[in-house]
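Q: Residue-level listing of the chains:
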Amino acid sequence: MTKLAVDDIHLAYGSMDVLKGISLDLAQGEVVALLGPSGSGKTTLLRAIAGLEAPHRGRISVDGRSVYDAAGGVDLAIEQRNFGMVFQSYALWPHRTVLQNVGYGLKLRGKGAKDIEAAAREALGRLGLGHLGERYPHQLSGGQQQRVAIARALVYNPPVILMDEPLSNLDANLREEAKTWLRSIIIEMQLSAIIVTHDQSEALAMGDRIVLLQDGKVAQVGTPVEIYTQPANLAAASFFGRNNRLKGRIVSLNGGHARVAGAFGELDGLAKGPLAVGDDCTLVLRAERLAVAAEPGGNAIEATHVTSMYAGAHWEHVFRQGEATLTLTSPTRVAGGRAFLRAEPDDVWLFAA
Amino acid sequence: MLALSFRLPVVAIMAATVMLPLSIIAYQSVLSEPFFMGGGALTLDSFRYIFSDPAFWTALQNSFGVATGMVLVALPCGAVLAYLLVRTDLPARWLLEPLVLVPMLIPSIVLGFGYVVAVGPAGFYTQIAREWLGFAPWNVYSRATITVLAGLSMVPYVYIYLSTALRSLGSDIEEAARVAGAHPLRVALDVSLPMIFPAIVFSTVLIFFIGLELFGLPLVLGSPNGFDVLAVYLYKLTNLLGVPSYHLMAAVVMCLIAMTIPLVFLQRLFLRRAERYVSVRGKGNRSRPVPLGRWRWPIFAIVAAWITVTALVPLSGIVIRSFVSHWGVGVNLIEAFTLDTMRQILTDTVMLRGIVNSVLIGVVGGALAVACYTLVALATHRRHDGLSRFVDYLVLVPRGLPGLVAGLAFLWVFVFFPPLAPLRSTLFSVWLAYTVVWLAYGMRLISTSLVQIGKEVEEAARSCGASQGRTIRDVTLPLARNGLLASWLLIFLMFEREYATGVYLLTSGTEVIGTLLVTLAETGAMDRASALSLVNVVIIGIGLGIALRFGVKIHD
Chain X
1 MTKLAVDDIH LAYGSMDVLK GISLDLAQGE VVALLGPSGS GKTTLLRAIA
51 GLEAPHRGRI SVDGRSVYDA AGGVDLAIEQ RNFGMVFQSY ALWPHRTVLQ
101 NVGYGLKLRG KGAKDIEAAA REALGRLGLG HLGERYPHQL SGGQQQRVAI
151 ARALVYNPPV ILMDEPLSNL DANLREEAKT WLRSIIIEMQ LSAIIVTHDQ
201 SEALAMGDRI VLLQDGKVAQ VGTPVEIYTQ PANLAAASFF GRNNRLKGRI
251 VSLNGGHARV AGAFGELDGL AKGPLAVGDD CTLVLRAERL AVAAEPGGNA
301 IEATHVTSMY AGAHWEHVFR QGEATLTLTS PTRVAGGRAF LRAEPDDVWL
351 FAA
Chain A
1 MLALSFRLPV VAIMAATVML PLSIIAYQSV LSEPFFMGGG ALTLDSFRYI
51 FSDPAFWTAL QNSFGVATGM VLVALPCGAV LAYLLVRTDL PARWLLEPLV
101 LVPMLIPSIV LGFGYVVAVG PAGFYTQIAR EWLGFAPWNV YSRATITVLA
151 GLSMVPYVYI YLSTALRSLG SDIEEAARVA GAHPLRVALD VSLPMIFPAI
201 VFSTVLIFFI GLELFGLPLV LGSPNGFDVL AVYLYKLTNL LGVPSYHLMA
251 AVVMCLIAMT IPLVFLQRLF LRRAERYVSV RGKGNRSRPV PLGRWRWPIF
301 AIVAAWITVT ALVPLSGIVI RSFVSHWGVG VNLIEAFTLD TMRQILTDTV
351 MLRGIVNSVL IGVVGGALAV ACYTLVALAT HRRHDGLSRF VDYLVLVPRG
401 LPGLVAGLAF LWVFVFFPPL APLRSTLFSV WLAYTVVWLA YGMRLISTSL
451 VQIGKEVEEA ARSCGASQGR TIRDVTLPLA RNGLLASWLL IFLMFEREYA
501 TGVYLLTSGT EVIGTLLVTL AETGAMDRAS ALSLVNVVII GIGLGIALRF
551 GVKIHD
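Protein chains in written order, with the working numbering: chain X, 1 to 353; chain A, 1 to 556.
Source of the hints: derived by calculation from the structure; they are not laboratory data. Backbone N, C-alpha and C define an ideal beta-carbon position, used for all residues, glycine too. Warning: the hint list may mix true and false statements.
Label pairs and their in silico Cβ distance ranges [what the hints assert, rightly or not]:
id: 1; chain 1: A; residue 1: Pro418; chain 2: X; residue 2: Ser89; range: 47 to 57 Å
id: 2; chain 1: X; residue 1: Gln139; chain 2: A; residue 2: Leu352; range: 46 to 56 Å
id: 3; chain 1: A; residue 1: Lys455; chain 2: X; residue 2: Gln139; range: 40 to 50 Å
EDC-like cross-link-like pairs, simulated, lysine to aspartate or glutamate; straight-line CA separation at most 20 Å [said to hold, decoys possible]:
id: 4; chain 1: X; residue 1: Lys217; chain 2: X; residue 2: Glu188
id: 5; chain 1: X; residue 1: Lys20; chain 2: X; residue 2: Asp75
id: 6; chain 1: A; residue 1: Lys455; chain 2: X; residue 2: Glu79
id: 7; chain 1: A; residue 1: Lys455; chain 2: X; residue 2: Asp7
id: 8; chain 1: X; residue 1: Lys247; chain 2: X; residue 2: Glu226
id: 9; chain 1: X; residue 1: Lys179; chain 2: X; residue 2: Asp208
id: 10; chain 1: A; residue 1: Lys455; chain 2: X; residue 2: Glu53
Just chain X, same shape as in the assembly (with noise of 0.2 Å):
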């Protein structure tokens, strides 16, 4: 069932267009995460969503009912469309007890002192905040704050919660452990919500699917695996993983299949939209997927090892082709001097340049 219908929303800021038509579903119990590089229009379009930009365009419905509506003349306050929303700083009120400011939205639904306290209470308990519930805001960490916001956002069980950036705030290991905590949160209470993020690994991690937004527009939907092994073009692909770029010609097609030459020689790979022979195009190598062989065969490029890094995990190695620079990844150590880096034609990429 749907819960979240956002429809063709098109957003200015004056004589910039920021959104240029992005529409979304969100099912019941489901978590998209939007994510871009930073001028994608994601934050915009999670804060169009909550009433606090203004669209000139398009259509929002929560459960079947339009809360924002160009051509139906529909644009519901802030407050009236009941969503649930946790902001990238947090935003706690800091003159009101981490109670005072779970308990403010059953307040203003006209609940009793009583009912709110105790869903307040539960609400912090659930979140492992049980015993903070009198302090004020800067009595407490930066994970605990985030977990008030979280508290608040969903003690009157709004059909939707928006997270604008929930990590970001968060230091380096404390993120980590936020992103499995949320994640099983999340699933645990069976939330439908839309997360904004840069990080793509926090993207993968906590999202049922993944809108990928480009320059106000969405560039691919899909779960994370798919959004990560099939992009749907080059932008896809190129934002997430470790990539290598190369320059190349279609040479012949037979199917998705490809032949391509270049500079490197030549390769077999997988077309991925409309190309012909004689195109020009760009191959995209993600870096895991690159193998190092003394000899040469198979789907190979001849290259010369120019530097190796340790990573903790694995190595990172860098190889130059003629002008281009190319890294992949691995377990081990490489030898230095010439050698043949791999890829099944499966991993070779083929966009349109």
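Using the hints, position chain A against chain X.
A: What follows is chain A alone, placed relative to chain X:
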């Protein structure tokens, strides 16, 4: 944040309060006689009369002379003071920093009385000097003295703007110049000075502007010698022709406003530019203080001397004068000690009412003014539309109205609109004039504390389900509370040191200390003037003490 149904009325009322007095002045200036006498014909006769009066031109010339002189005195002194306190290892900086602001808080008319009784021809210090030297080494009534004293009392303003600019100048950008090979002096000339240049220009315009509307000091020190500035000329015009010559006064006011309002807008332009420079702050640590070496104490002595001249001399003068019955060569001041003057002041119904009214207008009126400013600030809070820009410019208009003029304008408003007439003889009239005169200052205080509240904190309340009004009540105002209380204290201080604005509104019931001081200046009753000044200073001192106790910054 708020709906138009709230914003529009608030802004409309404010616009009316600001523009109405101004319109009446403009209207009156082109009438042949006072408007309450039936109006008369539309004519430029008033301007013709003013322009043909040599005294007007002399006053205008004097005003320009004094204003220019004040800039020449205050700017170098304030700049040096700012540099010394911000960048060097001057001793006792913690004590000097609040102390240098004190002259700013003493009403200029009190300074005037203080100088008369301390270093006037018969002043305490003059007598001592004469005893030692055989002659009086200074003449406090001369034009040069008035200019220098007025200039010295402006030093805190320069200090405030330049020290803020210097502090916000990240030390890293200076260090970058040092590392690149520049000598400290070159750094000062090539990097620091250009960076604070907007602040310098800004304070120059500010002082020139305050110089043009200077009233208290020349009234007390200049008038006995026939040295009148524009504001004093206006004041003396009141009863020139027997009947109040409103049309002439309006014409003078129009001339004054024609100079001040452009200056106010010029100032705003420079402030904007200054703020743009400030925003380029580097993070950097506070730079290592420049060592003054063996000059530390001599320089400290010079700074102490400035504080002595601008604050201690006049203040000690009024304190002594309030408590002695007579003085002169060979008189032991301790034997001449008396409480009679104080007793006189505190038993005189008019004086007493003035004191009570002053406290009332500072405490209650200050709170009400802050409430009004807050309403206007909320009406433009986080809005960048036409209405907000309109308010931005509107608040600047009263700044172009010297206090004396604003009071006059409000008097006319009350006379012009019969339904308002009953309010004229109540404290409300004075409060309204004060509130409008300090509008720009108050709005700046309040907007600063509102802007400091994070936007997301308010948005969080909205997304939780709170309406706009509810968000303001539950989040914005509680968070701004400390800022609002601080604003109340500062407005209290400003209202207590105000003396010119109430002058024309003075009737039985509307006396405040400041206006009583102006009347005492005319009668020349120095003992009572001193005693009342002392009461004024004590009230300001208490306010300042509370402000410092609660860590309120006297300047933003």
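Q: Does each hint hold? Answer for all of them.
A: Verification of the supplied hints:
1. For the pair Pro418(A) and Ser89(X), the beta carbons lie near 55 Å from each other, so the given range of 47 to 57 Å is met.
2. The supplied range of 46 to 56 Å is met by Gln139(X) and Leu352(A), whose beta-carbon atoms lie about 50 Å from each other.
3. Between Lys455(A) and Gln139(X) the Cβ separation comes to about 23 Å, which falls outside the hinted range of 40 to 50 Å.
4. Taken as a hint, the Lys217(X) and Glu188(X) pair is broken in the structure, with Cα atoms around 32 Å apart against an allowance of 20 Å.
5. Annotation: proposed proximity of Lys20(X) to Asp75(X) holds, straight-line Cα distance about 19 Å (limit 20 Å).
6. Of the pairs offered as hints, the one joining Lys455(A) and Glu79(X) holds, with about 15 Å between alpha carbons and a cut-off of 20 Å not exceeded.
7. Of the supplied pair hints, the one linking Lys455(A) and Asp7(X) is violated, its CA atoms being roughly 28 Å apart against a limit of 20 Å.
8. Under the criterion of a C-alpha separation no larger than 20 Å, the hint pairing Lys247(X) with Glu226(X) is inconsistent with the structure, at around 25 Å.
9. Of the supplied pair hints, the one linking Lys179(X) and Asp208(X) holds, its CA atoms being roughly 14 Å apart against a limit of 20 Å.
10. Proximity of Lys455(A) to Glu53(X) is assessed by CA-CA distance (about 13 Å); at most 20 Å being required, the pair is judged to hold.
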